[in-house]
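Novice: Next come the chains, spelled out residue by residue.
Number of protein chains: 2
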Amino acid sequence: MMNIDFKKSNGLVPVIAQEYETNEILMLGYMNKEAFDLTIETKIVHYFSRSKNRIWKKGEESGHIQKLIDLRVDCDEDTLLVIVEQVGNTACHTGAKSCFYRSYFEDNKQT
Amino acid sequence: MMNIDFKKSNGLVPVIAQEYETNEILMLGYMNKEAFDLTIETKIVHYFSRSKNRIWKKGEESGHIQKLIDLRVDCDEDTLLVIVEQVGNTACHTGAKSCFYRSYFEDNKQT
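As you go down the protein sequences, you meet chains A and B in turn. Just so we're aligned, residue 1 is where the first sequence starts under UniProt numbering, counting upward by one. Just so we're aligned, residue 1 is where the second sequence starts under UniProt numbering, counting upward by one.
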């Protein structure tokens, strides 16, 4: 039995979202206990949005929801990894598939 | 040119470590500006350890260092993804390859 440690970081744990077919990393979000419970219950990934300061069903406006395939817990029980099917093939608000579409080295070549 | 936002979360940004050959997620750590600069300079991943409260060269004791292959920055510039070669094939202090070796569903089947 695992107990996710929501107390460590102001009630929020970081959550890595990884696409199940490609292992591509899509984004990093945060969950509080309520978002975690909603995710387990509905099998649709819910985060706690720090900017909106509320529960955020990923894709609630765009339709680009994340269907939960698996949820993995790290050794310290303070970080989560959700394995998802990304509807619409787009996780990032910029329209990119992944939020990590830029390499630091490529973007800083000229500086 | 990217500016990593170290101010948002007490000077620390979350850093996902992913193995470059398999795309497997190994762990999640944190970096402050100093750890980031050391990582860029040495091409060996350095974190800021919240438990040790100091710069932590991953593998400094075990020898299981992470050689930096690429460093990716998310859309908001407040989360990093390091693509690494994991020396020793072990990232987790438990001896597991990845810190995410447990599925929430498998470990909670009987509850």
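Among the hints, erroneous ones may be present.
Mimicking BS3-like on lysine-lysine, the simulated pairs with C-alpha atoms at most 27 Å apart in a straight line are [unchecked claim]:
#, chain 1, residue 1, chain 2, residue 2
1, A, Lys7, B, Lys43
2, B, Lys109, A, Lys97
3, B, Lys33, A, Lys33
4, B, Lys7, A, Lys109
5, A, Lys67, B, Lys109
6, B, Lys109, A, Lys8
7, B, Lys33, B, Lys57
Examples of chain A residues toward chain B, derived with CB under 7 Å [what the hints assert, rightly or not]:
#, residue
8, Asn53
9, Trp56
10, Leu71
11, Cys75
12, Asp78
13, Phe100
Reference listing, derived: stretches of chain B covered by chain A, where coverage requires no fewer than 3 residues with Cβ under 8 Å from a Cβ of chain A [as the list claims (entries may be wrong)]:
#, stretch
14, 7-18
15, 23-29
16, 67-74
17, 89-97
18, 100-106
It is worth saying that the hints were derived from the structure and are not from the lab. Just so you know, even glycine gets a beta-carbon here, dropped at the ideal spot from N, CA and C.
Novice: Determine which of the earlier numbered hints do not hold for this structure and return their numbers in increasing order.
Specialist: 1, 2, 3, 8, 9, 12
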